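Full structure from sequences and hints, please.
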Amino acid sequence: MTRMHWMGAGVFLLAALGIAEAAPPDAPDEQRVAITLADPACSTEKSTQCLCVGTPGTAAPQLGEIGVDLNALKTGGVPCVPGDFDKDGQPDYAFPGKDYSCNQSVPVRVVFTKNGKVREVLALPRDVSCLQLYAPRPRKGPHGEPKTARQGLVDWGEGNATWVYLFNGKKWAATTHPSESR
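Heads up: the sequence shown begins at 1 in the working numbering, then just goes up one per residue.
Since the hints were derived computationally from the structure, they do not count as laboratory data. All figures in this text were calculated on a predicted structure; none of them were measured in a lab. Glycine included, C-beta positions come from ideal geometry on N, C-alpha and C. Do not rely on the hints blindly, as some may be mistaken.
[Claimed, not checked] Using 25 Å as the maximum straight-line C-alpha spacing, the simulated PhoX-like pairs for lysine-lysine come out as follows:
1. Lys98 <-> Lys74
2. Lys117 <-> Lys87
3. Lys87 <-> Lys170
4. Lys87 <-> Lys114
5. Lys171 <-> Lys98
6. Lys140 <-> Lys46
7. Lys114 <-> Lys74
8. Lys171 <-> Lys140
9. Lys147 <-> Lys170
[Stated by the list, open to error] Pair ranges (Cβ atoms, derived):
10. Asp127 <-> Lys147: 19 to 27 Å
11. Arg139 <-> Asn71: 38 to 46 Å
12. Lys147 <-> Gly76: 17 to 25 Å
13. Gln104 <-> Gly64: 14 to 22 Å
14. Ser101 <-> Gly144: 25 to 33 Å
15. Gln90 <-> Ser47: 21 to 29 Å
What follows is the structure, given as structure tokens:
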């Protein structure tokens, strides 16, 4: 081959690389987690019906397994409790499964993130019916709910048991407490 032919191929290759590098930095990334509360005023500590909207990155298959509507997550929102459950300064998201309504128990998957990508997806150790954020508290609650320096999840029971879920860095610890004075 002639020297000119190789030079033309090199110019073409450099041009192709230049175009690839010129892709916008905000181009969609299937691995990226981008989730927010649909209504920023919704308090996940007080409400069991806050919705999150966005994309779950590589956690989509695990969320799909429990029936989370991934289309609704992208468009209108699905029930979700955002927090920082492992206390690493990165957002985490707890998603109850299909038919979540506080009238029946459903499985929950928690998406832990690191630098905007899925680090790990874990299941809560038991199904829940009414999921809320369990905020840090300096002392035990009136029914023995644990004090904690980190955020957790709670399934408040009415006339039943209340379950508190705290992540210890490796797994979820679940404790049960009476929901009312006996």
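Hints, verified against the model:
1. Lys98 <-> Lys74: With a Cα-Cα distance of about 16 Å, the restraint between lysine 98 and lysine 74 holds, given a limit of 25 Å.
2. Lys117 <-> Lys87: 16 Å, holds
3. Lys87 <-> Lys170: Judged against 25 Å, a Cα distance of about 12 Å means the pair holds.
4. Lys87 <-> Lys114: 12 Å, holds
5. Lys171 <-> Lys98: With Cα atoms ~23 Å apart, lysine 171 and lysine 98 stay inside 25 Å; holds.
6. Lys140 <-> Lys46: Roughly 18 Å between the alpha carbons, so the hint for lysine 140 and lysine 46 holds.
7. Lys114 <-> Lys74: 20 Å, holds
8. Lys171 <-> Lys140: 22 Å, holds
9. Lys147 <-> Lys170: 19 Å, holds
10. Asp127 <-> Lys147: 19 to 27 Å: Since the Cβ atoms of aspartate 127 and lysine 147 sit about 26 Å apart, the hinted range of 19 to 27 Å holds.
11. Arg139 <-> Asn71: 38 to 46 Å: 43 Å, holds
12. Lys147 <-> Gly76: 17 to 25 Å: With Cβ atoms ~37 Å apart, the hint is violated.
13. Gln104 <-> Gly64: 14 to 22 Å: Taking Cβ atoms as reference, glutamine 104 and glycine 64 lie about 20 Å apart, which means the hint holds.
14. Ser101 <-> Gly144: 25 to 33 Å: The hinted range 25 to 33 Å holds for serine 101 and glycine 144, with Cβ atoms some 28 Å apart.
15. Gln90 <-> Ser47: 21 to 29 Å: 23 Å, holds
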